[in-house]
Amino acid sequence: MKNKFNPRQNYRQTLEDIGYVTLKEATQADYDRIGFMSGLEVHQQLKTREKLFCRCPSARYQKDDEFDAEIIRHMRPTLSELGEYDGTALMEFKTRKEIIYRIKNETTCTYEVDDTPPFPLNREALEIAIEISLLKKLNIVGEVHITRKQYLDGSIPTGFQRTAIIGVEGEIELPHKKIRLIQLSIEEDSCREISDVGHTRVYKTDRLGMPLIETVTYPDMVNPQEVAQTCHFIRFLNRSTGKVFTGMGAARQDVNVSCRGGTRVEIKGVSKIRYIPALTHNEAFRQWALLHIRESLLKKVKKPQEWKIISRQLEPDYFELKPRMAKTMKENDWHFYAVALPKFQGVLSHFTQPGKVFADELSDRLKVIACIEKPNMDHSESFKPLLNEEGWVQVKKLLQARADDALLVFWGPEEDISTALETIEERCRMAFEGVPNETRKAFADGTTIFERVLPGADRMYPDTDSAPIPLEDDYIESLKDRIPPVSIDAWKQMQKWKIPEDAYEYILKKNLFPLLEHMVKEMNEDPVFAGTLLGHRLKHVEGQVKPSAEFDYWQVADLISMIRNRKLDMAIIHHLLPLVYQYPKMDFDSLLTSVRYKPVSKEKIIADIPFLKKKFCTLRKNGDAKAEVRWLMGQLRVKALGNMSLKELRDIIINNKAKKTKAKPQ
Amino acid sequence: MAEDYFQGYKGRALEVLKKYNVRVWGKCSIETSRGKFTGTILPRAENDDDKHIVIKIDTGYNVGIDVETILQMKETGYKKANYKIPEKEFPYTEGLPRVKLIGTGGTIASRLDYRTGAVIPAFSPGELYGAVPELADVCNLTTEKVFAVFSENMGPDQYKKLAVAIGKEIENGIQGIVIGHGTDTLHHTAAALTYMIQDPPVPIVLVGSQRSSDRPSSDAALNLIHACYTAGHSDIAEVMVCMFGPTSDEYGLLHRGTRVRKMHSSYRSTFRTLGDTPLARVTRNGIIPIKKEYNHRRKDNKATILPYFEEKVSIVYYYPNMQPDIIDSLVDNGYKGIVIAGTGLGHVNIPLYPALRRACEKGVAVYMTVQTLWGYVHMFVYETGRELMALGVVPAENMLPEVAYIKLGWALGQTNDPEEVKRLMLTPVKDDITRREPYNGYLVYQGGLPEVEEFVRKFRK
Chain A
1 MKNKFNPRQN
11 YRQTLEDIGY
21 VTLKEATQAD
31 YDRIGFMSGL
41 EVHQQLKTRE
51 KLFCRCPSAR
61 YQKDDEFDAE
71 IIRHMRPTLS
81 ELGEYDGTAL
91 MEFKTRKEII
101 YRIKNETTCT
111 YEVDDTPPFP
121 LNREALEIAI
131 EISLLKKLNI
141 VGEVHITRKQ
151 YLDGSIPTGF
161 QRTAIIGVEG
171 EIELPHKKIR
181 LIQLSIEEDS
191 CREISDVGHT
201 RVYKTDRLGM
211 PLIETVTYPD
221 MVNPQEVAQT
231 CHFIRFLNRS
241 TGKVFTGMGA
251 ARQDVNVSCR
261 GGTRVEIKGV
271 SKIRYIPALT
281 HNEAFRQWAL
291 LHIRESLLKK
301 VKKPQEWKII
311 SRQLEPDYFE
321 LKPRMAKTMK
331 ENDWHFYAVA
341 LPKFQGVLSH
351 FTQPGKVFAD
361 ELSDRLKVIA
371 CIEKPNMDHS
381 ESFKPLLNEE
391 GWVQVKKLLQ
401 ARADDALLVF
411 WGPEEDISTA
421 LETIEERCRM
431 AFEGVPNETR
441 KAFADGTTIF
451 ERVLPGADRM
461 YPDTDSAPIP
471 LEDDYIESLK
481 DRIPPVSIDA
491 WKQMQKWKIP
501 EDAYEYILKK
511 NLFPLLEHMV
521 KEMNEDPVFA
531 GTLLGHRLKH
541 VEGQVKPSAE
551 FDYWQVADLI
561 SMIRNRKLDM
571 AIIHHLLPLV
581 YQYPKMDFDS
591 LLTSVRYKPV
601 SKEKIIADIP
611 FLKKKFCTLR
621 KNGDAKAEVR
631 WLMGQLRVKA
641 LGNMSLKELR
651 DIIINNKAKK
661 TKAKPQ
Chain B
1001 MAEDYFQGYK
1011 GRALEVLKKY
1021 NVRVWGKCSI
1031 ETSRGKFTGT
1041 ILPRAENDDD
1051 KHIVIKIDTG
1061 YNVGIDVETI
1071 LQMKETGYKK
1081 ANYKIPEKEF
1091 PYTEGLPRVK
1101 LIGTGGTIAS
1111 RLDYRTGAVI
1121 PAFSPGELYG
1131 AVPELADVCN
1141 LTTEKVFAVF
1151 SENMGPDQYK
1161 KLAVAIGKEI
1171 ENGIQGIVIG
1181 HGTDTLHHTA
1191 AALTYMIQDP
1201 PVPIVLVGSQ
1211 RSSDRPSSDA
1221 ALNLIHACYT
1231 AGHSDIAEVM
1241 VCMFGPTSDE
1251 YGLLHRGTRV
1261 RKMHSSYRST
1271 FRTLGDTPLA
1281 RVTRNGIIPI
1291 KKEYNHRRKD
1301 NKATILPYFE
1311 EKVSIVYYYP
1321 NMQPDIIDSL
1331 VDNGYKGIVI
1341 AGTGLGHVNI
1351 PLYPALRRAC
1361 EKGVAVYMTV
1371 QTLWGYVHMF
1381 VYETGRELMA
1391 LGVVPAENML
1401 PEVAYIKLGW
1411 ALGQTNDPEE
1421 VKRLMLTPVK
1431 DDITRREPYN
1441 GYLVYQGGLP
1451 EVEEFVRKFR
1461 K
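Here the protein sequences come in this chain order: A and B. According to our numbering, the first sequence is numbered sequentially starting from 1. According to our numbering, the second sequence is numbered sequentially starting from 1001.
No wet-lab data here; the hints were simulated from the structure. Because the structure is a prediction, the values reported are computed rather than measured. Any given hint could turn out to be false.
With a cut-off of at most 27 Å between alpha-carbon atoms, the simulated DSSO-like pairs for lysine-lysine come out as follows [claimed, not checked]:
#1 1051/B / 1080/B
#2 585/A / 509/A
#3 639/A / 585/A
#4 598/A / 621/A
#5 1168/B / 1145/B
#6 243/A / 539/A
#7 1422/B / 1161/B
#8 1088/B / 97/A
#9 1458/B / 178/A
#10 322/A / 4/A
#11 137/A / 1051/B
#12 268/A / 4/A
#13 137/A / 1080/B
#14 1036/B / 177/A
#15 585/A / 614/A
#16 1051/B / 1036/B
#17 104/A / 1458/B
#18 97/A / 1458/B
#19 1018/B / 1168/B
#20 1299/B / 137/A
#21 1080/B / 480/A
#22 1458/B / 63/A
#23 1036/B / 137/A
#24 626/A / 137/A
#25 1422/B / 480/A
Each pair of labels, with its calculated beta carbon distance range [to be verified]:
#26 1263/B / 333/A: 40 to 46 Å
#27 444/A / 1438/B: 41 to 47 Å
#28 55/A / 1263/B: 18 to 24 Å
#29 1031/B / 506/A: 58 to 64 Å
#30 247/A / 1438/B: 50 to 56 Å
#31 55/A / 1445/B: 23 to 29 Å
#32 271/A / 1094/B: 36 to 42 Å
#33 199/A / 1015/B: 51 to 57 Å
#34 199/A / 1031/B: 40 to 46 Å
#35 1445/B / 444/A: 20 to 26 Å
#36 1442/B / 585/A: 36 to 42 Å
#37 1326/B / 105/A: 50 to 56 Å
#38 1077/B / 199/A: 41 to 47 Å
Heads up, the beta-carbon is just placed ideally off N, CA and C, and yes, glycines get one too.
Input sequences plus hints: build the corresponding full structure.
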């Protein structure tokens, strides 16, 4: 090729053209420029003994290869209540997946595998869901209607999730603004995926059917940090009841993002809140980039509705492929296809996400929809082409492509080729529209990949197996009496108490505010001391030490009482806390022994000072006055701990010294 | 007929809808003491209470509003849902067999019925093709709805109508028949048709679904594909039940109409052949025979239709301390036949003897079967058995109780002569009585045993 197209340069240029800035550099002005908008769907497992629609135990997990039986299912799309097929459902049907469920008798009954209709809804779960709905100021429904929400990916063996709205139109308060809530629903949790290769997807059913609530916000958040903060506050509220599970996978969120002119895209299954800022930032800019692609394509292609791909099967032997590639293709009897994308030059290497280009959007869909494992394609704007330059010239000739066309080749099993071709054409056509409606899967590095077409309201269907459940006024009133203080009130109270703000997240996340309140109000502890003891010290300990038995946070209050009863100096708590945390069952005297505490009077401790000072004189290496204090404190700390305030001891050492220096001027 | 604007609403809820002038399918906003709700008013199931109004909110969910909390309601729009299974013309393919699907009211494809809150079946070939397009690769399908009743409401009238309708189809040269049927009494109908349609030249396949077809995991589509394949392509010209083999979406089993029984209230693999093996396995790609002997498909259009049934027949499920008045009242009410499901090898208690003697003396046909379901009646083993036979109770070998009931109704429908009834009853028809019970006819494995657990883990059932 003469005036050679440089994909790397194109990537950098397009990145610049759309005005991409990194998360660190970005300001509100950047987000306003691209019209950043985001909302959340936060899932939280409820702490119940049994599952939502059957009597299997909740929260008992199995390993991937630990199962008693396997069951195979295929999913077919069905009509929604309003008589429509859902787009996602049709896409999933296209993938022709064989779904295998690994079941364990202990955690799975005939309900989970859809061989028995549901049992009446778990009342314990319903009650927790209502309590949390009240906390979020939602309007509670008069009658709970169980609805089926279609999921054809197989994550639920019935092909739908049983779910029901508890309340609509609520709000949560952040320190600086209010976020409106659309709804809160109670639903059954899905299976956990073990693998998804080719046309086979394997799930385990241990988590399936556990009660879950989903809190959905309006898209009120205007920057990535705000999304994360909102998510924190929803989590604080959920946890403040003490009736939800915590730990890996107990809370997961889907994040909806769009930019101005873009589309609502759902990033699924974000397991950690700290991933949210990068994910939402990148998604908003990905959409911004797709809109830029649209603009450039519309300039080149006058009649997008007539745009078509040109494809043809190739004989792999005629191309110089990487040996490994050629071997796999032969061994699996794969077909090899070339596709020309008219006028698409510059699109395939167009920036979409950091380190990603438009071609990745095609490759991702080939994997998900046509079930062709990656690497599944190569293209003329690839940074690391698998096909050499000669090969591309040949492909171009065979397809009679023009200079400004983009080319790609892909490979896969014969039966998947037609779906693959359809998929490529479909995604390219969407480039003329802008941003496709889809759900995307999150990665820890802040990028996302295509997961499936975004489902709509068309996938809802009333559950004909369950009767509606009326919620009487009296019942709701009785639940109102039990709900804990709202998290924002706790936040404001802690501000009033002048507790440093960096302690709040931990306190609210671990639902320690009731404990803090007890320490301050009932035990008259200094709020700043109590707040930092929990929000700093305890947090630090938790990060360092593993408890040998279940640690109850209220043991902190007991510890304070015991220190007070013995009339010990409170500073000893900093040494006792890690021990109590690690050995929650150890009695107080053993704890004291472990930190080498012995009762000694203050006078006795002070009496040691002159002797130690003399000794220090024989050891000293220079005239640093601070070194002496440090050394003395080191000698006396263990003895003083609990017996007197270390600050007082230090003062005495320093003052003593000050007096002496005065007495013996040099 | 005037349009029903308030489908399913009654009492207080209806009053409230009328008061605010809001219709079903109306979009509306509702002010309540619990806050504001907006959505579309949906019809209400007839058996639900009159204290709530159901709306579909924008996110697609349904919620109920307590009418007593409603402060204000306003209709802001109206959009009636058009629930329709996409109907496409069933394509005719040269060379594929002609199969007739006869509908009785089961749920092969279905749609929602707001009146009852349940699902109602869709049925025309176009609707079926829209829901299960694979059928067009299997056969050229036509359909006919003979009647629409739920499975539990099937009875002698329906059996007779079906037999006659099938006879006509055979006469007209159909190449296979599929009958869509609810599963609860599928095996009763299968037995009845086996007796009423003797020596058919083509397969007659009964099929249903354990999970309604309005759900993505339904067994309906695959069952229907298997049934149509069997009807169109199988060499087995008998009355069969075609339902899931394992609970997995793998293959169907073809059971003889006289040895099949529903064995679980909700499992997909609920139908089992008892005391024998099924006829064959069926997949999308073909039929794998299990039994070697069966009625082969023929080219003639002949079958013997015997649409007879005496309704005054009953099954008595024996239990300890059963009182003789149970038998007496049947006799006094003019029953002509009684099938007893006895304990063990076919026994009842001594207090029943006089009542049974009286029944036999009055000409009532009394047959003994076993409530163990597997195994033969052996009335020579114990004194009780011999005494019962002396009273006139006839052992029905290893006929299943339900099958014996159907057969007795069919036999008494033809004759009142006890000897002729006995001849009909004890002449085996399609293995309703087998000469021997093979070892693998009774395989009810017990979970928890290591070897069984190993088997279950290894094979996807």
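Consistency of the hints with the structure:
1. Proximity of residue 1051/B to residue 1080/B is assessed by CA-CA distance (about 23 Å); at most 27 Å being required, the pair is judged to hold.
2. Note on residue 585/A and residue 509/A: the hinted pairing holds, with a Cα-Cα distance of about 24 Å set against a maximum of 27 Å.
3. Of the supplied pair hints, the one linking residue 639/A and residue 585/A holds, its CA atoms being roughly 25 Å apart against a limit of 27 Å.
4. Simply put, residue 598/A and residue 621/A have alpha-carbon atoms about 32 Å apart, too far for the 27 Å limit, and the pair is violated.
5. Simply put, residue 1168/B and residue 1145/B have alpha-carbon atoms about 14 Å apart, close enough for the 27 Å limit, and the pair holds.
6. For a cut-off of 27 Å, the pair hint linking residue 243/A to residue 539/A stands: about 21 Å separates their Cα positions.
7. About 26 Å separates the Cα atoms of residue 1422/B and residue 1161/B, which keeps this hinted pair within 27 Å; it holds.
8. Note on residue 1088/B and residue 97/A: the hinted pairing holds, with a Cα-Cα distance of about 25 Å set against a maximum of 27 Å.
9. Only pairs whose Cα atoms come within 27 Å are accepted, and residue 1458/B paired with residue 178/A is rejected, the gap being roughly 55 Å.
10. Proposed proximity of residue 322/A and residue 4/A is supported: the alpha carbons are some 23 Å apart, at most 27 Å.
11. Annotation: proposed proximity of residue 137/A to residue 1051/B holds, straight-line Cα distance about 24 Å (limit 27 Å).
12. Distance check on the hinted pair: residue 268/A and residue 4/A sit about 40 Å apart at the alpha-carbon level, beyond 27 Å; violated.
13. Annotation: proposed proximity of residue 137/A to residue 1080/B is violated, straight-line Cα distance about 32 Å (limit 27 Å).
14. Between residue 1036/B and residue 177/A, the direct Cα distance comes to roughly 22 Å. Compliance with the 27 Å bound is thereby established for this hinted pair.
15. Restraint check for residue 585/A and residue 614/A: the C-alpha separation of about 43 Å exceeds 27 Å, so the hint is violated.
16. For the suggested pair residue 1051/B and residue 1036/B, the alpha carbons sit about 18 Å apart, so the restraint of at most 27 Å is met.
17. Under the criterion of a C-alpha separation no larger than 27 Å, the hint pairing residue 104/A with residue 1458/B is consistent with the structure, at around 13 Å.
18. Simply put, residue 97/A and residue 1458/B have alpha-carbon atoms about 21 Å apart, close enough for the 27 Å limit, and the pair holds.
19. A threshold of 27 Å between alpha carbons decides the hint, and for residue 1018/B with residue 1168/B the separation of about 52 Å lies outside it, so the pair is violated.
20. Restraint check: the Cα-Cα separation between residue 1299/B and residue 137/A comes to about 74 Å, which exceeds 27 Å; the hinted pair is violated.
21. Taking the CA atoms of residue 1080/B and residue 480/A, the gap is near 38 Å; set against the 27 Å cutoff, the hint is violated.
22. The suggested pairing of residue 1458/B with residue 63/A holds, with an alpha-carbon distance near 17 Å, which does not exceed 27 Å.
23. Proximity of residue 1036/B to residue 137/A is assessed by CA-CA distance (about 12 Å); at most 27 Å being required, the pair is judged to hold.
24. For a cut-off of 27 Å, the pair hint linking residue 626/A to residue 137/A is broken: about 57 Å separates their Cα positions.
25. At most 27 Å may separate the alpha-carbon atoms for a hinted pair to count; residue 1422/B and residue 480/A exceed this at roughly 73 Å.
26. At about 44 Å, the beta-carbon gap between residue 1263/B and residue 333/A stays in the expected band of 40 to 46 Å.
27. Taking the beta carbon of each, residue 444/A and residue 1438/B are about 60 Å apart, not inside 41 to 47 Å as hinted.
28. Hint check: residue 55/A to residue 1263/B, Cβ distance near 23 Å, so the stated range 18 to 24 Å holds.
29. Residue 1031/B and residue 506/A have their C-beta atoms about 41 Å apart, which leaves the hinted 58 to 64 Å range violated.
30. Checked against the given bound of 50 to 56 Å, the beta carbons of residue 247/A and residue 1438/B, roughly 54 Å apart, stay inside it.
31. For residue 55/A and residue 1445/B, the Cβ-Cβ distance of about 24 Å falls inside the hinted range of 23 to 29 Å, so the restraint holds.
32. Take residue 271/A and residue 1094/B: their Cβ atoms lie about 56 Å apart, and the range 36 to 42 Å is violated.
33. Against the hinted window of 51 to 57 Å, the Cβ-Cβ separation of residue 199/A and residue 1015/B comes to about 56 Å, which satisfies the hint.
34. The hinted window of 40 to 46 Å between residue 199/A and residue 1031/B is violated, with their beta carbons roughly 52 Å apart.
35. About 46 Å separates the C-beta atoms of residue 1445/B and residue 444/A, a value inconsistent with the hinted range of 20 to 26 Å.
36. In this structure, residue 1442/B and residue 585/A break the distance hint of 36 to 42 Å, their C-beta atoms being roughly 56 Å apart.
37. Distance hint check: the CB atoms of residue 1326/B and residue 105/A are about 41 Å apart, inconsistent with the given range 50 to 56 Å.
38. The hinted window of 41 to 47 Å between residue 1077/B and residue 199/A holds, with their beta carbons roughly 44 Å apart.
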